[in-house]
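Asker: If you want the building blocks of each chain, they are given just below.
Number of protein chains: 2
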Amino acid sequence: MNESVKTSRGALDIALAYHRTWSQDAFDRAMAYIAPDIAVQTPAGPLQGGEAFRGFMGQFAATVEATELLAAYGDDARALVLYDTRTPDVPSAPGAELVTVRDGRITTMRILFDQLPFALAAGEVVPATAHVE
Amino acid sequence: MNESVKTSRGALDIALAYHRTWSQDAFDRAMAYIAPDIAVQTPAGPLQGGEAFRGFMGQFAATVEATELLAAYGDDARALVLYDTRTPDVPSAPGAELVTVRDGRITTMRILFDQLPFALAAGEVVPATAHVE
Numbered sequence: 001m002n003e004s005v006k007t008s009r010g011a012l013d014i015a016l017a018y019h020r021t022w023s024q025d026a027f028d029r030a031m032a033y034i035a036p037d038i039a040v041q042t043p044a045g046p047l048q049g050g051e052a053f054r055g056f057m058g059q060f061a062a063t064v065e066a067t068e069l070l071a072a073y074g075d076d077a078r079a080l081v082l083y084d085t086r087t088p089d090v091p092s093a094p095g096a097e098l099v100t101v102r103d104g105r106i107t108t109m110r111i112l113f114d115q116l117p118f119a120l121a122a123g124e125v126v127p128a129t130a131h132v133e
Numbered sequence: 001m002n003e004s005v006k007t008s009r010g011a012l013d014i015a016l017a018y019h020r021t022w023s024q025d026a027f028d029r030a031m032a033y034i035a036p037d038i039a040v041q042t043p044a045g046p047l048q049g050g051e052a053f054r055g056f057m058g059q060f061a062a063t064v065e066a067t068e069l070l071a072a073y074g075d076d077a078r079a080l081v082l083y084d085t086r087t088p089d090v091p092s093a094p095g096a097e098l099v100t101v102r103d104g105r106i107t108t109m110r111i112l113f114d115q116l117p118f119a120l121a122a123g124e125v126v127p128a129t130a131h132v133e
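Note that the protein sequences, when read in sequence, are chains A and V.
With the UniProt record's numbering applied, the first sequence covers 1 to 133.
With the UniProt record's numbering applied, the second sequence covers 1 to 133.
Hints listed in this document are in silico derivations from the structure and should not be mistaken for laboratory results.
A portion of the hints provided could be inaccurate.
If we take Cβ atoms under 10 Å as the criterion, some of the chain V residues that face chain A in the derived model are [said to hold, decoys possible]:
1) Ala39
2) Gln41
3) Tyr73
Chain V is faced by these chain A residues, among others (derived, beta-carbon under 7 Å) [said to hold, decoys possible]:
4) Met31
5) Ala32
6) Val64
7) Leu69
8) Ala71
9) Ala77
10) Leu80
11) Val90
12) Leu98
13) Ala119
14) Glu124
Computed from a predicted structure; not experimentally measured.
Just so you know, even glycine gets a beta-carbon here, dropped at the ideal spot from N, CA and C.
Required output: the full structure, derived from the provided sequences and hints.
Answerer: Written out as structure tokens, the structure is:
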């Protein structure tokens, strides 16, 4: 497959290839689909660049025991993917990713997940009721 | 428009009509797109039926000051929508909804949002560091 064909793949194809690759315990290979200057919006704030993204998503991916792709849609420029994950601390942790793709790589990602079960599991927050008595 | 035409609308049309309606301060009218026996998965757990859904989503919708539709895709049976919301307590609270539609109404919804800022704002959880000193 020559480069012109490769780079003409739509955003959905790239988003799915990225998802398949990291969810098969191959986060390093999945980084091939991430632009070096990726701009990411996470629930905890913005991240800039591939290495920041690797620190965020790679760390999470390493804890994932199972993934299930729930839905994926897109067009040439953007894709929206919803998946579920299972981790030791959180049995069901779905994520949604809206990505834009340019030249076969993800250049922006808005990722959405529920931080609460992770923050509770990590002891970063505690239920207010735990301090009542 | 007769009933047969109305009920042939694809899932994306219905999901967008539902979104537009509730985000225009018309949650009661938006309930016209919700099946009475809707099955909902929320980050806090499952909900069953239109009245349970109204209690959950209607209460939230009443607090929303602004919405922005970020992406919406779908086909005849399912749609996936990502939007951002602004509420008094949480300046940016995006939500993702995967819905299935039958006969012009949403019969299942998997809704994803970050519970953490809402739980902090409501005092349901507190940062663990608040108890260090």
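Asker: Against this structure, judge whether each hint is valid.
Answerer: Cross-check of the supplied hints:
1. Ala39: Hint on Ala39(V): violated, closest Cβ of chain A at ~15 Å, above 10 Å.
2. Gln41: Holds, about 9 Å.
3. Tyr73: The hint holds - Tyr73(V) has a Cβ within 10 Å of chain A, the shortest such distance being about 3 Å.
4. Met31: violated, 24 Å
5. Ala32: Cβ of Ala32(A) sits 24 Å from chain V, so the hint is violated.
6. Val64: Violated, because the Cβ-Cβ distance from Val64(A) to chain V comes to roughly 17 Å (cut-off 7 Å).
7. Leu69: Constraint on Leu69(A) not satisfied, violated at 11 Å.
8. Ala71: holds, 5 Å
9. Ala77: violated, 11 Å
10. Leu80: holds, 5 Å
11. Val90: Nearest chain V Cβ about 11 Å off; hint violated.
12. Leu98: holds, 5 Å
13. Ala119: With a closest approach of 6 Å, the Ala119(A) hint holds.
14. Glu124: Holds: closest Cβ of chain V sits about 6 Å from Glu124(A), inside 7 Å.
Going through the hint list in order, the structure does not satisfy hints 1, 4, 5, 6, 7, 9, 11.
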